[in-house]
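All chains should be built: construct the whole structure from the sequences, respecting the hints.
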Amino acid sequence: MHSSFENPLSVERQKIELEQLAAVVQSGTPLRKLVHWVAGIRASVHTKLLAGFLVVTLIFIAMAGVSLQTIVSTTRQARLLDEAHEQVSWAQQSEQALARQMHFTDLALLSQDEVAIAKILRENNRFNDMLAKLEAAGITEQSLVEQIRSSQDEAMAVVADIANAIRDGKIGGATGELLHRQQRLDDEISTRVGRLVEAQRSRMTRLRDSVAAANRKSLILTSVFAVTAVVLALLCGFVISWSFILPVREAQTFLDQVAAGNFGGRISVPNRDELGVLADRMNHMSEELQRFDTEQRRAAAELGRLNDQLAQTSKAKSEFLANMSHELRTPMNAILGFTEMLLDGLYGDVPAALKEPLTDIQVNGRHLLRLINDVLDLSKIEAGRMELALGEYSVREVVDIVQVSLRSLAAEKGLEFATSVPDDLPVAYGDNRRLTQCLMNLAGNAIKFTKQGRVEIGVELAGNELIYRVSDTGMGIPKDELENVFAEFRQIDATITREFGGTGLGLSITKRFVEMHDGRIWVESEIGKGCTFFFAVPLRTKHEGI
Amino acid sequence: MSEQTILYVEDNEYNRKIVRQLLDRTSYRLIEAADGEAGVALAQEKLPNLILMDVQLPKMSGLDATRVLKTDARTSHIPIIVITSFALSGDREKAAEAGASSYLAKPYSPRELLALVRQYLPET
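Protein chains in written order, with our numbering: chain L, 189 to 734; chain U, 193 to 316.
Calculated from the structure, these hints are not laboratory results. Any given hint could turn out to be false.
[As the list claims (entries may be wrong)] Beyond 10 angstroms from chain U on every Cβ pair, some chain L residues (computed):
{"id": "1", "residue": "E323"}
{"id": "2", "residue": "H472"}
{"id": "3", "residue": "G641"}
[What the hints assert, rightly or not] Calculated lysine-lysine pairs in the DSS-like style (CA-CA distance at most 27 angstroms, straight line):
{"id": "4", "chain 1": "U", "residue 1": "K286", "chain 2": "L", "residue 2": "K730"}
{"id": "5", "chain 1": "U", "residue 1": "K251", "chain 2": "L", "residue 2": "K505"}
{"id": "6", "chain 1": "L", "residue 1": "K639", "chain 2": "L", "residue 2": "K717"}
{"id": "7", "chain 1": "L", "residue 1": "K543", "chain 2": "U", "residue 2": "K209"}
Using N, Cα and C, we set each Cβ at its ideal position, and we do this for glycine too.
Here you go:
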């Protein structure tokens, strides 16, 4: 039988045994019926356990009762046996007394001595005592006792005759007759007392046999009862425990399924106790879970559909942007191209009065183009369609391109324009076109907002970070505006836009590009003394994306 | 010495006009096509010395046309300058993959275009 006293090392084996047991309980029809019947009793687990323990206790009390009864009966039998033994002893003592009496009688006859007569009487008394004791014990051989007593009386009459003969001195003549009478009586009494002794002895033997049989019987009865009690107790414990184990196992299987994501299953247990209630709750939970699951799946499907829609919309937007980009640039190409060719004198000398308006067309055309480019760039970034073209690049080349492009603009305004790039910078990795665009935006702004003084571009390597720096001696940015400078369409005020032009998108786009490089951008400024913009990007950018 | 012929494939009339007027004062001879298919056909027929190819063209894109011409044994030697609207990132790479010799972003400066043309095809 399975017990909790097993070696903890054999847990695995125990588990297998439990499985086998479970199989037995679920297949063995009578046992299964019993377990299901107990499970189906409408009572609490507490009550069932109490009842089970009560049954077991009652069984053992009954067993104790049976054992007690056996002990009492055995004691009684032993007492009876003792009595019988005593009676046998009395019978034997009476027989011995009789023998001695006869012996003394013979002696009296031979020695003609009255002392012997006294001894005869003493033995006779002892004999009578024993006989009286036997009679008092209620032996069944009362008639035999009567016969013995009457014979004994006769014998005592002979003894009296002997005594008289001795006293009268006539013993010699009467000896033969007395001896004869005495002999007959002796034989008669001896035989009868022998029968009595025999009767007592056989009674005792019978009693002993019957006691042995009774003892054997009670031993068997007690054993059978004990075995039955143990089996019943075990059965009771087994059935009750399995009436709890089965639903728990069902619940285990059920919960495993739930854990595996199979919702909506049902658990069915025969129990009408707390475990039954628990099973009902689990079924309820299962239904709820399935409902939630279905809802969630529906929501996920809906989300997926919306996502697809969004992706399609986004794609459409991206395509629209690409098309717009083409559509906007094509006429810009013609406007700027014709203006340039006009100014280059391709169509003949340009009259002096036309030079300025033609240059205005060109400047504004270029500005419009920059606006278009910035808006398209920002739209693309926001649509998540902007991708970096990563590659190896030379920091010096980036700075040089910016310097060459803006040199004339700085010179026109009479600004000092310097760059400082260490000679020993290693080859960097990133999107050089976008980084050039960033530096161009910052340096362009610096030149635009500086009326006099200098603008400087500097680069330095700090650990694995490249720090680009653009400083100017312009008007500076008030402290409370510092954090807004990178927001879209922000300039300190509208008059600046009118005075200096610009789209207000350059810094915002620069910030996005820097962040796409896993970098950061910041500004330090003091009103009236100018400001310094920094952006730091990894020397080698690892991946794309914001 | 024979005339040096340049083929310009571009659907926009004004842009064609710019190049036409730009090259008018040079020794180059310009032939024009307004879509990709016509461009390919004209290139195969006339075998020009240089091709200027816009990317966004009707019927066949400039990149596809470039690919066709580069796989054709008769035209594969002709340098092709691809002109894009500079809209989508990776245009430069796509142009190089298709087999373009060079790449020019729109809007281009006529001066720059002429300089690039002269680089590939020195005027005689």
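Right, here's what the structure says about each hint:
| no. | hint | verdict |
| --- | --- | --- |
| 1 | E323 | 138 angstroms, holds |
| 2 | H472 | 56 angstroms, holds |
| 3 | G641 | 32 angstroms, holds |
| 4 | K286/U to K730/L | 23 angstroms, holds |
| 5 | K251/U to K505/L | 23 angstroms, holds |
| 6 | K639/L to K717/L | 12 angstroms, holds |
| 7 | K543/L to K209/U | 22 angstroms, holds |
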